[in-house]
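> In terms of this note's numbering, the sequence shown opens at residue 236 and continues consecutively.
One or more of the hints may lead you astray.
[As the list claims (entries may be wrong)] Beta-carbon label-pair distances, calculated as ranges:
hint: 1; residue 1: Glu-405; residue 2: Pro-591; range: 12 to 22 Å
hint: 2; residue 1: Arg-701; residue 2: Thr-666; range: 46 to 56 Å
hint: 3; residue 1: Ala-342; residue 2: Asp-561; range: 51 to 61 Å
hint: 4; residue 1: Asp-398; residue 2: Glu-662; range: 47 to 57 Å
hint: 5; residue 1: Gln-334; residue 2: Ala-392; range: 37 to 47 Å
hint: 6; residue 1: Ser-758; residue 2: Thr-570; range: 16 to 26 Å
hint: 7; residue 1: Glu-662; residue 2: Glu-405; range: 45 to 55 Å
hint: 8; residue 1: His-376; residue 2: Met-408; range: 44 to 54 Å
hint: 9; residue 1: Glu-593; residue 2: Glu-405; range: 52 to 62 Å
hint: 10; residue 1: Lys-604; residue 2: Thr-744; range: 27 to 37 Å
hint: 11; residue 1: Thr-570; residue 2: Ala-337; range: 42 to 52 Å
hint: 12; residue 1: Met-752; residue 2: Asp-651; range: 55 to 65 Å
hint: 13; residue 1: Met-408; residue 2: Ala-337; range: 52 to 62 Å
hint: 14; residue 1: Thr-666; residue 2: Thr-570; range: 42 to 52 Å
By construction, these hints were calculated from the structure, which means they are not laboratory data. Cβ coordinates follow ideal geometry from the N, Cα and C atoms, glycine included.
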Amino acid sequence: MVVLSASVCSQQGKALVSRQFVEMSRLRVEGLFAAFPKLVGHAKQHTFVETDSVRYVYQPLENNLYLLLVTTKTSNIVEDLGTLRLLAKVVPDIAGGFQEHAIQDHAFDLIFAFDEVLTAGGYKEEATLNSIRTNLVMDSHEERIADSMREAQEAEARKRMMDQAKKIQEQKMHQTKQNFLHGGTGGGFQSGGMEGFGGGGYGSSDPFSQQPQQPVMHQHNDPYAHLYQQQPAVAEAPKVIAKSGLKLGGGAKVGGGKSNNLMAAMAKEDNLFGGAGGGLGGLSAAASSFDISAPAPKQVAAPSTPLSVSIEEKVTVTMNREGAVDSGEVKGTLTVTANTDAGTMALVTVNRAQLPAEFNFATHPKIDKKVYETQNGALSLKGGKGFPVNRPVGILRWSYQGDDVAPLTINCWPEDEGTGSIVVNIEMELTRPDLVLHDVNILLPLGTTDPPRIENIDGQYKHDARAGMMCWHFDQIDSSNGTGSLEFSIPGHDVEAFFPVQVGFRSETLMCPLQVMSITNMSNGTPIPHQLTKSLSPDTYQCA
Numbered sequence: 236m237v238v239l240s241a242s243v244c245s246q247q248g249k250a251l252v253s254r255q256f257v258e259m260s261r262l263r264v265e266g267l268f269a270a271f272p273k274l275v276g277h278a279k280q281h282t283f284v285e286t287d288s289v290r291y292v293y294q295p296l297e298n299n300l301y302l303l304l305v306t307t308k309t310s311n312i313v314e315d316l317g318t319l320r321l322l323a324k325v326v327p328d329i330a331g332g333f334q335e336h337a338i339q340d341h342a343f344d345l346i347f348a349f350d351e352v353l354t355a356g357g358y359k360e361e362a363t364l365n366s367i368r369t370n371l372v373m374d375s376h377e378e379r380i381a382d383s384m385r386e387a388q389e390a391e392a393r394k395r396m397m398d399q400a401k402k403i404q405e406q407k408m409h410q411t412k413q414n415f416l417h418g419g420t421g422g423g424f425q426s427g428g429m430e431g432f433g434g435g436g437y438g439s440s441d442p443f444s445q446q447p448q449q450p451v452m453h454q455h456n457d458p459y460a461h462l463y464q465q466q467p468a469v470a471e472a473p474k475v476i477a478k479s480g481l482k483l484g485g486g487a488k489v490g491g492g493k494s495n496n497l498m499a500a501m502a503k504e505d506n507l508f509g510g511a512g513g514g515l516g517g518l519s520a521a522a523s524s525f526d527i528s529a530p531a532p533k534q535v536a537a538p539s540t541p542l543s544v545s546i547e548e549k550v551t552v553t554m555n556r557e558g559a560v561d562s563g564e565v566k567g568t569l570t571v572t573a574n575t576d577a578g579t580m581a582l583v584t585v586n587r588a589q590l591p592a593e594f595n596f597a598t599h600p601k602i603d604k605k606v607y608e609t610q611n612g613a614l615s616l617k618g619g620k621g622f623p624v625n626r627p628v629g630i631l632r633w634s635y636q637g638d639d640v641a642p643l644t645i646n647c648w649p650e651d652e653g654t655g656s657i658v659v660n661i662e663m664e665l666t667r668p669d670l671v672l673h674d675v676n677i678l679l680p681l682g683t684t685d686p687p688r689i690e691n692i693d694g695q696y697k698h699d700a701r702a703g704m705m706c707w708h709f710d711q712i713d714s715s716n717g718t719g720s721l722e723f724s725i726p727g728h729d730v731e732a733f734f735p736v737q738v739g740f741r742s743e744t745l746m747c748p749l750q751v752m753s754i755t756n757m758s759n760g761t762p763i764p765h766q767l768t769k770s771l772s773p774d775t776y777q778c779a
């Protein structure tokens, strides 16, 4: 006998699963299946029908399905019926029933089972239901032994790994404790050689000494916390003028690599830029290995109003070493969060008529843009739908590109004196007097672990010897202190090591004059109590 094909098909001739045991084109197989329902309609009392070229041996199944063998006309009909009965037992055993979805889900298992019953060429094997089950499981004693040995080896490797990790952690904790007890290896925040900047934290008999002073240990969690506090005013030390003049540096150098890794290590080690939400926060796949952004704001209590509104802007700036802005862009988002059911039906109105044409605005696709344009800035969901509860929804976005988006410019001039020392002069200037910047951090790679010798400084600084980094810090920069300078010298010869300089800050003043005019219930027009927050912070801000 020769079985051409074994399949499970529907009453309309649609094959759910089919296995061909001789070479057949798909067109011929589909033609055979298409002719089968017509032949069955005239011979319902039989279990086989014939055409001029083939014989159909079939058995009706549940749910209007058929188990079908397509054989040659010279095939032994008795053996074909035996094969059909065996396959009728195999199908529910493998698929778990005669449902169409069950057969489709176990299609490959059924094909493997058909291969256990029929060989290539369409000849029947001496197989039983139990032997087919055993062959499909493909279980072997040797395989079980090999799996047991592999699992034992993996468990032993995990145990050794955990023991080793525990030893390394204990060594790190011991080393950290020793560094803390002995003052550590890195310098703390200092004020450019002034004795008054750390309160009683720095002891020195010479108030104008330019040498780095050793910190006195304080019993608190953050040994640098007192350095951001306001300090009593003291007499200024005389400024030391650099011996050699300024000179123009070479071309810009794209940031990245070792210096950026050191920046990330410094920020992570000392929590320099705040919590997880800011500082040297997320990694960037662009030219820099990380981004500097504003420190994370302090945690606030749970919202007490039905609606929370947040206006957030992110600024991206790249400038050269002379302070000229190469590229600048600001992107903003207006986000609403319904804290209760009363806040879901909010209609937010902004000052659309007063917004500058230079900014590109776009509403969320689910916002009714026609209402926004005709009602002069009314933002609501289409179809009168409400906002989801406890899920922030960005309803309006805007962007602007231009050199004037940079609120702060950095002018950095490192100069090699030729005596094994480099003098660095760096200036910052607030170019947007309408903005007030808080927690401004200007991060400089030094290319060495040696401490810098501060000649002149406005603001505060911190040196991390292990990372070879220096942070120039201002609590606040506004129109009253819109400029500042820093001059220091440090051993070295490579003037390129001080780039890129990266900047982080936060502000509650926006660059786009967007204002929320009113927030009312779209059904009855009553005002909805809400909480409004505004923030401006850098996404990427560097001088390279």
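> For each hint, tell me whether it holds in the structure or not.
For each hint, the structure was consulted:
1. At roughly 60 Å, the beta-carbon separation of Glu-405 and Pro-591 lies outside the given 12 to 22 Å, and the hint is violated.
2. For Arg-701 paired with Thr-666, a C-beta distance near 34 Å fails the hint of 46 to 56 Å.
3. Separated by about 59 Å at the C-beta atoms, Ala-342 and Asp-561 satisfy the suggested range of 51 to 61 Å.
4. The hinted range of 47 to 57 Å is satisfied by Asp-398 and Glu-662, whose Cβ atoms lie roughly 54 Å apart.
5. In this structure the hint that Gln-334 and Ala-392 lie 37 to 47 Å apart at CB holds, the actual value being about 45 Å.
6. Separation of Ser-758 from Thr-570 is about 22 Å and conforms to the stated range, judged on CB atoms against 16 to 26 Å.
7. A beta carbon spacing of about 47 Å between Glu-662 and Glu-405 agrees with the range 45 to 55 Å that was offered as a hint.
8. Evaluation of the 44 to 54 Å hint for His-376 and Met-408 yields a pass: the beta carbon distance comes to about 49 Å.
9. Taking 52 to 62 Å as the suggested C-beta distance range, the pair Glu-593 and Glu-405 conforms, at roughly 59 Å.
10. Our hint of 27 to 37 Å for Lys-604 and Thr-744 holds, since their Cβ atoms are close to 29 Å apart.
11. Taken as a hint, the range 42 to 52 Å holds for the pair Thr-570 and Ala-337, whose Cβ atoms sit roughly 47 Å apart.
12. For Met-752 and Asp-651, the Cβ-Cβ distance of about 57 Å falls inside the hinted range of 55 to 65 Å, so the restraint holds.
13. Range check, Met-408 to Ala-337: Cβ separation about 57 Å, and the 52 to 62 Å hint holds.
14. Taking the beta carbon of each, Thr-666 and Thr-570 are about 28 Å apart, not inside 42 to 52 Å as hinted.
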